[in-house]
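Protein sequences, first through last, are from chains E and Z. Each step along the first sequence adds one to the number in this note's numbering, with nothing skipped, and position 223 is 776. Each step along the second sequence adds one to the number in this note's numbering, with nothing skipped, and position 417 is 418.
A few of these clues could be false.
Unchecked claim - Derived, one-sided and incomplete: chain Z residues facing chain E with beta-carbon distance under 7 Å:
no.: 1; residue: N6
no.: 2; residue: Q10
no.: 3; residue: V13
no.: 4; residue: K20
no.: 5; residue: S24
no.: 6; residue: K26
no.: 7; residue: A30
no.: 8; residue: G235
no.: 9; residue: K447
no.: 10; residue: R450
no.: 11; residue: F453
no.: 12; residue: I457
no.: 13; residue: I460
Stated by the list, open to error - SDA-like, lysine to any residue: derived pairs with alpha carbons at most 20 Å apart:
no.: 14; chain 1: E; residue 1: K632; chain 2: Z; residue 2: K16
no.: 15; chain 1: Z; residue 1: K133; chain 2: Z; residue 2: I195
no.: 16; chain 1: Z; residue 1: K223; chain 2: Z; residue 2: F197
no.: 17; chain 1: E; residue 1: K668; chain 2: Z; residue 2: K447
no.: 18; chain 1: Z; residue 1: K20; chain 2: E; residue 2: I690
no.: 19; chain 1: E; residue 1: K668; chain 2: Z; residue 2: V15
no.: 20; chain 1: E; residue 1: K731; chain 2: E; residue 2: N742
no.: 21; chain 1: Z; residue 1: K16; chain 2: E; residue 2: R691
no.: 22; chain 1: Z; residue 1: K448; chain 2: E; residue 2: K731
no.: 23; chain 1: Z; residue 1: K448; chain 2: E; residue 2: Q693
no.: 24; chain 1: E; residue 1: K629; chain 2: Z; residue 2: R84
no.: 25; chain 1: E; residue 1: K632; chain 2: Z; residue 2: I72
no.: 26; chain 1: E; residue 1: K688; chain 2: Z; residue 2: R450
FYI, nobody ran anything at the bench for these hints, they're computed from the structure. Just so it is clear, CB atoms sit at the ideal spot from N, CA and C, and this is done for glycine as well.
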Amino acid sequence: MYLSERRPPILEFKNIVKRFGNNDVLKGINFNVEEGALFGLIGRSGAGKTTLLRTLIGYYETDEGQIFYKGRNIAKSLKEIRTIFGFTTQDSCFYEELSLADNMEYFGKMYGLSKEQIKFKTEELLKLVELWDSKDIRAQDLSGGMKRRLDMAISLVHEPKVLILDEPTTGLDPLLRKGIWSLIKKVNNKGVTIIMSSHLLDEMEYLCTSVAMIKAGKLLIKGTPKQLKSFYSKNQEVKLESYPGNYKLILQEYKKQNIQIYYPRHEITKLIFYTPNTTAILNATPNIMLKLKEALSEISIEKPNLNEVFEAFSRYN
Amino acid sequence: MNIINSISQIYVIVKKNIKRLLSSKISAAMVVFGPLILIMLMGLAFQGSGFNGVKVSIYSEQYNNISEKIIKTMEVSDFKIQRTKSKEECVEKVKDGEAHLCTTFPSNFEKDKMEFYVDYSRMNLVYAVVSKISAQITELSSQISMGITQDLLDFIKQSSNIMDQSSTSLTELKTNAEIMSIQLQVIKDTLDEINFDETTSTLKELTNEKSPTNLKIEIVKKQLELADQKLKQGKAELEEAEKTLETQTNSIKNTMTQMSCTSENSRDLTPYLKSQELQNQIISSPNPTCTLLNTIYINIKDEKNKATQSLEMLNNMELNIEMMKEEISKMQKIAISQANQTQTEIFDIQNNRDKLTNELFQMSNATNQSATSIQEMTTQLDIMISQFKEIASTDANTVIKPIKTSIKSLTAKKINTLEMLFPAIIIMVILFEGILLGNSLIMREKKSRAFFRNQILPISDFMFSIGTYITTIILTLIQVTIVIIIGLLIFKVNIIFQFFPLLTLIILSILIFSSIGMLIGYLTNSDETAILIAVILAIILMIFSNLVIPLETMQQTIGTIAQFTPFNISEQILRRSMIFGASLISSPIHTIAFVVELALLIIGVMFAHKKAFSQKN
């Protein structure tokens, strides 16, 4: 399902199928990525996001289908394609025993940069990721966020046209995450097409100009976050917190009153669910609390975010 | 440009590898101090005779010259000798670990055995010690055997000489026997030729009274009687004539007296009796009658004297005849008696002769047989003599050790244990460094967070392998250099230092062992497994090398295969190079095997690398 494609594609995924043994990980994925886009791949763990990204870089061979970079089949010009792509993972893909500068030098050299180019790019990128002052310390001594930034700097050392970010903020605290977001924006602003995957939908919503949702190796939907949310905006997210928190009974009471409840789940001490009947929820809740002898401490109703859209599409499909 | 870029990239890979390895102080220290410690330990351990500190407990009911000699020899070889009071104590010392070996010496070496009690759980030490002691005892036994053998050889030589002489004597004896046989035959023939028949018949005749001889004797006797009778008859007549003549003389005498004849008027005209002058003489005589009478008287007297003489003669003859008769009778009797006796004796002689000839015949035959036997003996003796002479070696040493061995060092100077082990130490360093470093570099790379990024780099798959090889070569070369420098400077190791062949071999060895390590790294998924396999493999290579036990003592197939392990090949080539100055291709089969193994391993590494680093399916 394609909601809109305005600019010419830099990447075209055509019917990508990838199998590991009898397990079909990618089941005929088709979509395009526009040049300069900050493209997000949304999907749960095991949905095939990483496989798709690694197939893009040529780490995995496709069993069926082709990927085209500006019209060129990447499988046929892999070495050249790899100089165009940068790749950052949730792991720190560098040598922790080496200093930041050494890592930059090493990977710069591997991409065929001259000594001078390496020197220039090291300074430029480490300054960009705000690690210039730490250039001589060993990478293993960096914090998690710094490592992620260093990884991104390394991914950019050869000035890639496309930067692939595989869950770049996983495991980082919100503050560090925002720092990475900022960096991603900066890079994207330099004209680098970014394809990133994440299961943190809020960052996708915040960062991406375009997203594609995949589930079990299939593309569910592709479009801008706004388009996706509009497409599925009839539900609103309700967050409820009460004591002692017998949420199962509370949900039963809502259903008894014919209130539509979708995708209920527990998140720590809260009950989260989606409903188009927000007024009914607000009217029914005080009585239910009294009936069930629950002490309501918090209730909030928000418009659906990308996460809700994803959940909805996941269930729907 | 690409080549320069590739070299530059390999350089950065190597730099990265070394930096990563040396990022740990312990790793860095091991690169420098590992070989240092190894060579120091090996150097200090193997500078002695090799048996210093090996304790041997000994026991003997009664020590003698031989056992004391063996003990002295063992002491010279640095064995620590512990004399014990009983066999049990001697064995207990080995069990308790106070001694490495118990040796019991018999009181009588010719009768009883010398026994070794060993702890086979320490096989290496047992082999080394028993081998050393056995060698010493063998040497001593050889010396004793040599004395005994020399005596035997001397005896054989003397016997040979005596037999030589005996052969000559036997030849003489044979000749004598043959001569004797001929002589005996001749004697027998001669005896056979003696004919007693005529004698016997003559003797028979003699003993027979009626035999012609006896009859003739009787005739002789009768004739003698007749002659005697006639003689008596003639004697009587002669006596008559004598008497007559006497009467005549007397008559003439009387006449002459009557006629007064004297000697002056009576001449003797006898000389003229038969002459013409008789008459003249008679006439011219003074008294012819007296002369005539005188002459007659003288002649008659003369006749009478003659008759008297004849009579005497007849008497004598008579006596003789009588005597003859008696003698003949006696002789006849004696002859018969003697003939009888002689006949008896002749019979005896004849019998004895027959016996003798028979015996002589037998003797001759026996002598012939003896000659034949002597001939056979001579032949046998000659064969024995020639066999003795064919015993080429008369030297006891040659008999004891028909194949003479002499262990001579191929080098001008005798090499010590450290020098002997020095090439193995170098290869050992290369083995462990190559396998462990190769394995470690690959495992670190695989486990590195940068592994994924390296896999999506736009470079050849083999750059990392080449980088790993070069890293291993550099680090191992540093270690080998340290080992060589320490060996040369501190332990004064006497080796032939051919720089380029040595460097080539070391680099090839590093390549082969690091390939093994890299393969292990590529084929395993965990550090623990990789290290375990690497160590086990390194230990296997060490165990199946000459360092532990000689390959030749292993089961033949295993020993043959083991010869071609990379460790043994490289150690062998390096040893030849360092000790004898041999070239790297002095043993072509080993060099070829080495190169083939290296090529296969490199191909394997490249294949494994491609599988690990290239696109995943």
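#### Entry: Indices of hints not satisfied (ascending)
Of the numbered hints, 6, 7, 8, 9, 14, 15, 16, 17, 22, 24, 25 do not hold.
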